[in-house]
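The chain contents come next:
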Amino acid sequence: MNRNKLSKWFDSSFYIIGFASTLIGLAILAVLIIDILIDGAGRLGWQFFTSYPSRKPEAAGILSAWIGTVWIMVLTALLAVPLGIMAAIQLEEYSKKSWLTNLIEINIANLAGVPSIIYGLLGLGLFVRVMSLERSVISGAATLAILVLPIVILSTREAIRAIPFSIREASYALGATKWQTIRHQVLPAALPGIMTGIILAMSRAVGETAPLITIGALTYVAFLPASPITYEFPFISFQGLFDPFTVLPIQIFNWVSRPQKGFFADAAAGIIVLLIITFLMNAIAVWIRHKHSKKIRW
Amino acid sequence: MKRIFLCVVLALVSVSITSNAYPAVTVKVDGSSTVYPITEAVAEEFQGAEKGKTRVTVGISGTGGGFKKLCNGESDIADASRPIKPSEVELCKKKGIEYIELPVAYDGLAIMVNPKNNWVDHITVKELKKLWEPAAQGKIKKWNQIRPNWPNKEIHLFGAGVDSGTYDYFTEAIVGTEHASRGDYTSSEDDNVLVQGIATDVLALGFTGVAYYEHNKESLKLVPVDDGNVSNGRGPVLPTYENVTKSLYQPLSRPLFIYVNKKSSERPEVMRFVEFYLKNAAELTREVGYISLPDRAYDLALKRFADRRTGSIFGGHGSQVGVKIEELLQKK
Amino acid sequence: MSKQIRRLKERLIEGALLLSALFSIFITAGIIAVLFFETFEFFKEVSIIEFLTDTQWTPLFAEKHFGILPLFAGTLLTTLIAVIVAIPIGLTSAIYLSEYASDRVRTAVKPALEILAAIPTVVYGYFALLLVTPALQMIFPDLSGFNALSPGIVMGIMIIPIISSLSEDAMHAVPMGLREGAYALGSTRLQVATRVVVPAAFSGIAASFILGISRAVGETMIVAIAAGQQPRLTMNPFVPVETVTAYIVQVSLGDTPTGTIEYRTIFAVGISLFVVTFGLNMISYWLRKRFREEY
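As you go down the protein sequences, you meet chains A, B and C in turn.
First residue of the first sequence: 1, per the working numbering; consecutive thereafter.
First residue of the second sequence: 1, per the working numbering; consecutive thereafter.
First residue of the third sequence: 1, per the working numbering; consecutive thereafter.
One should not assume that every hint holds.
Quick list of simulated restraints, FRET-style, between CB atoms [said to hold, decoys possible]: (1) B:H122 / A:E58: 32 to 38 Å; (2) A:A41 / C:K110: 25 to 31 Å; (3) C:L8 / A:S98: 22 to 28 Å; (4) B:V25 / C:Q4: 51 to 57 Å.
Calculated lysine-lysine pairs in the DSS-like style (CA-CA distance at most 30 Å, straight line) [as the list claims (entries may be wrong)]: (5) B:K126 / B:K116; (6) B:K221 / A:K261; (7) C:K9 / A:K178; (8) C:K64 / B:K142; (9) B:K142 / B:K93; (10) A:K291 / C:K3; (11) B:K153 / C:K64; (12) C:K289 / B:K95; (13) C:K289 / B:K93; (14) A:K261 / B:K28; (15) B:K153 / B:K116; (16) B:K130 / C:K64; (17) B:K93 / B:K262; (18) B:K246 / B:K129; (19) B:K93 / A:K56; (20) B:K263 / B:K246; (21) C:K9 / A:K97; (22) B:K246 / B:K95; (23) B:K153 / B:K142; (24) B:K303 / B:K263; (25) B:K126 / A:K56; (26) C:K9 / B:K93; (27) A:K97 / C:K289; (28) B:K94 / B:K263; (29) A:K261 / B:K263; (30) A:K178 / C:K3; (31) B:K130 / A:K261; (32) B:K116 / B:K217; (33) A:K56 / B:K28; (34) B:K303 / B:K93; (35) A:K96 / C:K289.
Beyond 10 Å from chain A on every Cβ pair, some chain C residues (computed) [what the hints assert, rightly or not]: (36) L18; (37) K44; (38) Q56; (39) K64; (40) P175.
Treat the hints as calculated values from the structure; they're not laboratory data.
All figures in this text were calculated on a predicted structure; none of them were measured in a lab.
Backbone N, C-alpha and C fix where the C-beta goes; we use that ideal spot for every residue, glycine too.
Let the hints inform the model, and build the full structure from the sequences given.
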């Protein structure tokens with residue numbers, strides 16, 4: 001009888017314990033965000049967004065950092081998205097079950113779990129040294145592209161897999177080739193899922209610090225990479241790709257490492273910007289997924 | 001699809017508008033993290049004055065790392081907290097790089113503890129040696145092993161990393177042999193890490209350039225050093241402006257340098273940068289917390305640069321202890 | 001367009017697609033090649049026995065020691081603390097979500113937990129150094145500013161979603177029939193959860209633990225910011241230590257020239273890290289596959 005009562009007591013108290021442990025993480029997250037807002041909100045403003053980093057905490061800003069982030073994100077996407085989508089199409093539509101396909105799949109699953117700093121070492125050894133691209137925007141983008149590639153591939157595969165086979169059959173029945181079917185039927189239908197995957201991959205890339213530090217993104221950068229559009233002939237320049245750069249998370253890291261209290265406020269403000277970007281991207285991805293999952297009626 | 005394409009184009013255009021549209025030139029500086037605050041201040045003022053026409057990148061690989069870069073032709077200027085040493089002279093010679101040595105400031109290497117540390121009121125050079133020499137590794141772990149009336153608690157050491165000129169100078173001045181020290185301490189070429197460590201650890205002791213103390217006074221406690229030599233100040237001495245200028249803070253007073261690649265100095269932007277540096281060093285050096293050289297010294301340095309006189313007045317032997325400012329002037 | 005040209009175009013496209021898929025193998029091959037090459041050069045100068053057994057890591061000092069044990073100790077200590085925090089909370093949370101919570105609660109809470117995983121690690125580093133460490137110092141006044149406890153706890157919070165989410169998926173997949181049988185025999189909900197569902201979902205749950213461990217082992221920024229830079233062979237969480245990942249960052253910030261022994265050390269420790277996380281990931285993958293097969 002006693003044991004029964006005890007187990008009943010455990011059982012009902014578990015509702016509370018379980019609920020509490022589920023919320024602990026979120027509660028701590030709330031504390032973190034509130035603290036950061038208190039520390040950093042005061043620094044946000046036009047000056048913060050348009051100033052370069054400075055030795056004086058009050059004068060410092062994230063101009064080079066957020067422009068660098070934009071450069072890196074655009075380039076990473078340009079490199080990773082076509083490659084990832086093509087790989088996913090190959091694996092979903094074309095590959096037959098073989099040892100090679102298995103190897104590729106295990107490989108991709110494994111790459112998704114490799115610590116990001118290892119990608120940094122790869123980038124350092126390959127892009128910076130062997131290919132002599134130096135610590136430039138293109139090295140950083142290439143390194144991050146490789147890092148997010150598994151995410152793009154996995155989510156594209158899922159999106160393609162969700163398209164019912166009947167769509168393809170109908171297309172074949174009308175005389176289309178395999179590629180035509182993919183290009184005109186499957187891909188457009190899978191687009192929302194693919195977009196979600198790309199945005200999630202990019203939101204991961206925007207917060208990556210370790211690989212970019214390893215390839216040598218500088219922490220003190222008070223200038224911007226050269227613009228791709230110039231005032232002189234031939235009006236297009238790729239110089240900017242090979243320039244040194246910094247990104248938002250690295251700038252935050254630099255400020256956190258400085259002992260003067262003033263820089264903590266700068267770091268917190270930078271974090272607010274970074275979190276807003278990250279949350280916004282995740283929210284857009286979820287919204288796209290939600291909106292289109294409702295529309296589709298197979 | 002079209003909407004996505006438009007978004008991407010919009011992003012690229014906005015990036016382009018905000019980026020520089022004129023190809024800019026770059027001055028690459030790398031080296032000592034001790035000298036870094038000065039160079040950073042100069043770079044910031046300089047880039048502002050040049051309105052974006054010139055870029056300056058400043059790295060903190062340490063004095064050793066900075067020289068490696070300079071002698072490999074990978075940078076234009078090396079920040080150095082000690083003179084160039086034989087192996088680096090060799091390397092530069094091998095790669096055909098000539099350098100112009102320019103002193104820019106004076107530093108009193110600061111020994112610091114945590115503000116809550118209430119048992120250290122001064123420290124002697126002998127005690128420092130006992131604490132940092134190679135034989136101390138793994139053995140000297142507690143405060144009371146240095147001085148019996150200090151607490152029986154662990155001592156946490158923070159100091160410059162091996163690529164740092166501060167490390168070279170400190171080992172030369174305190175241990176007696178350059179590059180000889182224990183290895184079991186928190187070492188970093190980034191003095192900010194050391195300051196953070198000392199400021200948050202009651203049991204900490206460490207050394208950095210004095211500018212890092214000046215900028216973090218509320219979080220650190222400065223320890224006066226007694227070198228046992230009566231001729232330059234009786235008893236323990238603090239690295240204040242007067243003490244260093246009067247050569248009383250020994251053996252931890254030392255000059256700070258920049259070394260300019262002679263070929264780079266022929267580029268107009270490098271020339272402008274170095275001239276700006278020397279012309280503004282007196283003010284900016286004091287602003288960041290170091291000890292500026294006399295104005296005469298800066299004028300002589302400017303002349304040295306204008307003449308493009310290469311080589312080191314220290315004979316390329318690395319750190320030299322006890323170099324007084326007057327000596328520096330006379331050697332010119 | 002004539003049939004031949006169209007077919008040729010299709011072939012070309014198919015070739016491009018295949019290459020893209022193979023690219024992922026090139027990546028892994030590239031990682032292994034780069035790591036291996038530099039490590040090979042490293043081991044020409046340092047014996048592998050010394051690397052694995054020496055208890056001091058002072059590769060850059062006059063008296064050189066190349067024992068990786070202190071770095072691994074730092075990684076192990078922080079990972080251990082992270083796991084002690086994450087597993088109880090994550091598992092309890094998973095049990096609650098899977099067996100107790102209503103569907104509405106679950107759909108509301110799960111994405112919220114994912115937010116924890118999406119936060120950039122540099123933010124967690126800030127949190128550890130500037131919030132958690134001072135808070136802990138109020139409880140333990142002797143705590144050093146750089147220590148293993150603070151980043152360990154914060155890493156634990158970061159990996160809670162991994163453990164909670166994957167364990168919950170594993171438990172959710174356990175057939176209702178098993179639970180119903182236990183209920184029929186008079187068990188309470190908690191007893192069903194702990195004595196029937198968890199053991200049944202064990203391989204999936206274990207896989208989530210191992211994945212969490214792997215994530216903690218590979219984490220860089222939190223420990224680089226808050227754990228310190230002193231390689232030390234210790235299990236004391238109150239003093240500065242240095243992890244494998246933080247060491248790589250420390251050296252990279254100084255941008256070492258190619259070909260030096262210093263440069264090579266980051267690849268030697270990098271390959272050790274890769275081997276460990278690869279091993280853990282493989283075990284986790286195998287466990288999940290095995291679990292999937294049982295149903």
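Enumerated hints in conflict with the structure, sorted upward: The structure conflicts with hints 9, 10, 12, 13, 19, 20, 22, 25, 26, 29, 31 and 36, although it agrees with all the remaining ones.
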